[in-house]
Amino acid sequence: MQLWAVVACGVLCIVLFWQVWWICIAMWAASGFLAAFGIKKWAGNICLELSGIELQLQTGKLFRSLRRQPIWNLTSVQILQTPLLCRTKSCFLLLYSTHSVWVVPAVDLEQAEKLALLPGNGGNAP
Amino acid sequence: MKVVSRFHFFYSLQYIRYAFLLSVVPLIRALLEFDLAALWVALVQDGFIFIAVMCFSVLQWAASGYRYSGKRILIQEGLLFRRQLAISRPMVAALELRQPLYCRLFGACQVKIYYKYRKKPVFIWLWYREATTMAQQLLPLKRQETVFRAVGAERLSFSVLSANLVTTGVLVVVSAKRTTELFGEELNKLALSNLERVEKLIEQVLPVGLAWFAALIFVLASVAFFISFLHTAGFFVCRNNGVIVAKGGLLTKTERRILAKAVTSCDIRTTPMGRLLRRSSVYLHAGGFSGKDLPLMVYRKGKEAQLQKLMPEFHITPLQKASFRGRSLLQFIWLSGSVLLLLLSMTAVSAWLIPELSSLLSIPCMLVFISLLVSLEGFFVEDVRRGENRTLELCYTQFLTRHRVYVFTSQMAFQFSHNPLLDVRKRCNFHLRVPCGLRFRVRCVPIELKHSLSLIF
Chain A
1 MQLWAVVACG VLCIVLFWQV WWICIAMWAA SGFLAAFGIK KWAGNICLEL
51 SGIELQLQTG KLFRSLRRQP IWNLTSVQIL QTPLLCRTKS CFLLLYSTHS
101 VWVVPAVDLE QAEKLALLPG NGGNAP
Chain B
1001 MKVVSRFHFF YSLQYIRYAF LLSVVPLIRA LLEFDLAALW VALVQDGFIF
1051 IAVMCFSVLQ WAASGYRYSG KRILIQEGLL FRRQLAISRP MVAALELRQP
1101 LYCRLFGACQ VKIYYKYRKK PVFIWLWYRE ATTMAQQLLP LKRQETVFRA
1151 VGAERLSFSV LSANLVTTGV LVVVSAKRTT ELFGEELNKL ALSNLERVEK
1201 LIEQVLPVGL AWFAALIFVL ASVAFFISFL HTAGFFVCRN NGVIVAKGGL
1251 LTKTERRILA KAVTSCDIRT TPMGRLLRRS SVYLHAGGFS GKDLPLMVYR
1301 KGKEAQLQKL MPEFHITPLQ KASFRGRSLL QFIWLSGSVL LLLLSMTAVS
1351 AWLIPELSSL LSIPCMLVFI SLLVSLEGFF VEDVRRGENR TLELCYTQFL
1401 TRHRVYVFTS QMAFQFSHNP LLDVRKRCNF HLRVPCGLRF RVRCVPIELK
1451 HSLSLIF
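Residue numbers (my numbering), protein chains in the order written: chain A, 1 to 126; chain B, 1001 to 1457.
Since the hints were derived computationally from the structure, they do not count as laboratory data.
Pairs of lysine to any residue residues, derived as SDA-like cross-links and limited to a Cα-Cα distance of at most 20 Å, are as follows:
| # | chain 1 | residue 1 | chain 2 | residue 2 |
| --- | --- | --- | --- | --- |
| 1 | B | K1119 | A | S100 |
| 2 | B | K1450 | A | F63 |
| 3 | B | K1112 | B | T1133 |
| 4 | B | K1450 | A | R64 |
| 5 | B | K1450 | A | I46 |
| 6 | B | K1450 | A | S51 |
Rough simulated footprint, nothing fancy, chain B against chain A, three-plus residues with beta-carbon under 8 Å:
| # | region |
| --- | --- |
| 7 | 66-80 |
| 8 | 94-106 |
C-beta: ideal position from N, C-alpha, C; glycine also.
Next up, chain A with everything else stripped away, as it sits in the complex:
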């Protein structure tokens, strides 16, 4: 019921104020709720793995993409939690590196904490 209320509010906002930021907020809220309420079908397409010295992020289903980067590229890791995400022990993970930011939604909190402890040494590659 709660989910439907939020979706309805989002649609109303888009209809009333046809602006890009409203769409972004609505999408962000929707993705958070999808992750929080355990709808794993969507989140299941996103896969973050640590393979040796490499971080691999796979996203999408029809339009898939695989991103790879060595761990020494990482400059900082940010774990973002909302009350709803806390309930499912998941979080948003932001991986900052020397060239870009990876935003990974619905990551298992335990895995995120492990990644946060990685020796990201800000570009001191061997």
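With chain A fixed as given, assemble chain B onto it according to the hints.
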């Protein structure tokens, strides 16, 4: 922070230009309306604005400056909102000292400091002697041994310039002749009496308007090439103490110091004009530095030793054919092909309805046709592979240019993107990112590369 050395007084110019923008609008309005009273009011108002901004910029200049603290340079800017920056040697990837003619008259120098991991450089105005001291502090040099002198580059620029001037001259003559044939001497009177009418006239008589437009484009291109010629005069490149130095210019003197260890990639660009002259321009990327307006040097086949003197790990390989089995030709030529078809259909229609326009349409047609040929070449040569000397080699085409990129850094990220059409062919697109957001794209690479292409050397 106690300021020890102040910036050059040109530093305050950045605020005066805002005053100029503020004051020019009421002046133009008054001038267009031919209202002398309003013009006088606007001038008085501008005077006040200028005095206020001058006072502010002098105070701002007095509060800003820099000082050396150990191996760091501390920069302070701002009066009300203060900003402090600490720059140390390990953070710096490249440095640029630039002296346009007006700066040389006043002994000023524009200094740009490029970081290794930040895109936006730091920009300050200094006295020339102080600028060289700062450069020596951040990227010191010991002795200079010239590796390359821009004889080829000057010739290249000059030949392109001459070709362009001739084309411009011809186009201007043709446009003027056509205009005179159509309107005789009436046009001059019209131009003097009312500009708006001339605009409408140009809109109504499209071919003549377009002819002038094309002439204007070529004039601008010629000016650009002339400036490039002045910039490359007396240009030389050398390497010492681990720093690559590029120096030269006639009216605008430029000195670039690039830390060789910070070089992330080297881009060899081959343009259609370069193909005719059998030369390619070499660009180095180091952190936030990319040297977009001026190539580092001009490369000619067989002169690899020059590049290797600058970057010993550099090893240029002959252009190889990629495995193009399973590649989609359409993916490479769809854009230039569809634009060419559109232009050809427009030419056909114009040949029927407005024959004067057909000759002008041939210019974009020719450009897009060259782009189509370059895209076709991309179908055969676009590839990514591990090269010798611990590099990653990329070859790709973009519009009229073929790029050959050699990546030296190990701080990179790969992205392989799929779509259903590529999946059928067992191919994917490859994107490479290096620090400071620099991105390269190679289309239709084999899907096996997804896991086999190693990130480390």
